[in-house]
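S.K.: Here the protein sequences come in this chain order: P and F. Here the first sequence stands for residues 1 to 284, numbered as in our numbering. Here the second sequence stands for residues 285 to 396, numbered as in our numbering.
Careful: at least some of the hints might be erroneous.
As the list claims (entries may be wrong) - Here are the simulated EDC-like cross-link-like pairs (lysine to aspartate or glutamate), alpha carbons at most 16 Å apart as the crow flies: (1) K376(F) x D237(P); (2) K385(F) x E262(P); (3) K385(F) x E352(F).
Stated by the list, open to error - Covered stretches of chain F, going by a simulated chain P footprint (3 or more residues, C-beta under 8 Å): (4) 289–296; (5) 317–323; (6) 329–335.
To be clear, the hints were calculated from the coordinates, so they are not data collected in a lab. Predicted model only: the values in this text are computed from it and were never measured. Just so it is clear, CB atoms sit at the ideal spot from N, CA and C, and this is done for glycine as well.
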Amino acid sequence: MQEKRLEIRNIIMNASSLPTLPGIISKLNALSENDKSSVQEMSRLVSSDQVLSARILKLANSPSYGFYRVSTISNAMILLGVNVVKSLALSSSIFEIMEKNSVGLWEHSLGAGVAANIIARRLKLPECEEISTAALLHDIGKVIIRLNFGDDYRQLLELIEKKEIPMLEAERGLLGTDHTEVGAWLAKGWFLPDKLVEPIACHHNVAAATSQQSKAAVVHFADILVKASGFGFSGDDFVPCIQPVAWEKLGMTETILTEIVEELEDKLVDTKNFSLEMQTANED
Amino acid sequence: MQKIPLLLAEPDMVLARDIFRYDNANGPPICGRGVTLTDALIERLTRMEVQTITVEGHPVRMDGDRTEEEILLALDKRFEKVENDPLTNKLKKIYRAHYMKSFGDQGAREAT
């Protein structure tokens, strides 16, 4: 089992086997690390790839960001921040695969993005856009496992159905690792900041988060809320336990949670419409 | 109340929430709650690119729409692994109340 874990790790570290990343990303990484580069320079770089720009704008206008009307990359950079645009650029090819082949997981991710946005705004947390992005990406490990280890993925689904266990348990039993670890390897490999890596890595174990525990707690809640509402399909139908450390970290109360659920149920109707529109667009 | 795509709106449905412009959600409402829909009004809303509206009761049975009993059973099934966890159970209670309220609205309207 340990061997399997190492095999998965090696494949992820060896970027060539991952969905192709546009060369623009490495240039964008270099630019964003340089203090002297401006938002305009970065926008110009991204805008030079029209397909990539279109995908980024589509995600930026998704309900996960509370319906901004973002029409240009430079607007997206200013409204959502460079980190968010960079993460959307990196994950856009994976989302494309998800939209077409794994609608349930795509809707679960979109829904989690929406839920995280509502929670972060309701609790007046800083960096709402980063939190939404982390939620949008939280199950990216599952996509990677499915893409690169199709046979194992099928076995996972069989195991879940036969034994009625959650995905996480099935992954650990079969692969010796799970989608949180796999997702974190990928996010680190992409040089994403800790504020995105930690929520991906710790959304099932909030206590393990160090510097970004609030963000991990929001993504933990977002995942649970979307599963509680039965929206999308993340691999199994079971609602995970709310971890007391997450509840305390966010100062959650029943009243706040009720308000969040009401708003989420309302927004999920729009989210379903958004997802249906995307699928119709893909068929054209 | 029920949120429905404007495509499924019909005359005589009553708005349960104000409608705002899609491109100016923080501006003044373009149509207030309590208003009864007419063909002309639906036509105008369509031209203004309104996507969804919230109406009183539960007038539209959409594909995949389930009865209250089915919805509550599915909720129990989703929460079956965490039945004994106090925090997660709070969430389940909130969802149960939410579903019952959404169906209760319909009952209240039919009764009047």
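S.K.: It remains to establish, for every hint, whether it holds in the given structure.
M.R.: Evaluation of the provided hints:
1. K376(F) x D237(P): With a Cα-Cα distance of about 14 Å, the restraint between K376(F) and D237(P) holds, given a limit of 16 Å.
2. K385(F) x E262(P): At roughly 11 Å apart (the allowed maximum being 16 Å), E262(P) and K385(F) satisfy the hint.
3. K385(F) x E352(F): 10 Å, holds
4. 289–296: Violated: only 1 residues of the stretch 289–296 of chain F have a Cβ under 8 Å from chain P.
5. 317–323: violated (count 0)
6. 329–335: violated (count 1)
Violated hints for the displayed structure, listed by number in ascending order: 4, 5, 6.
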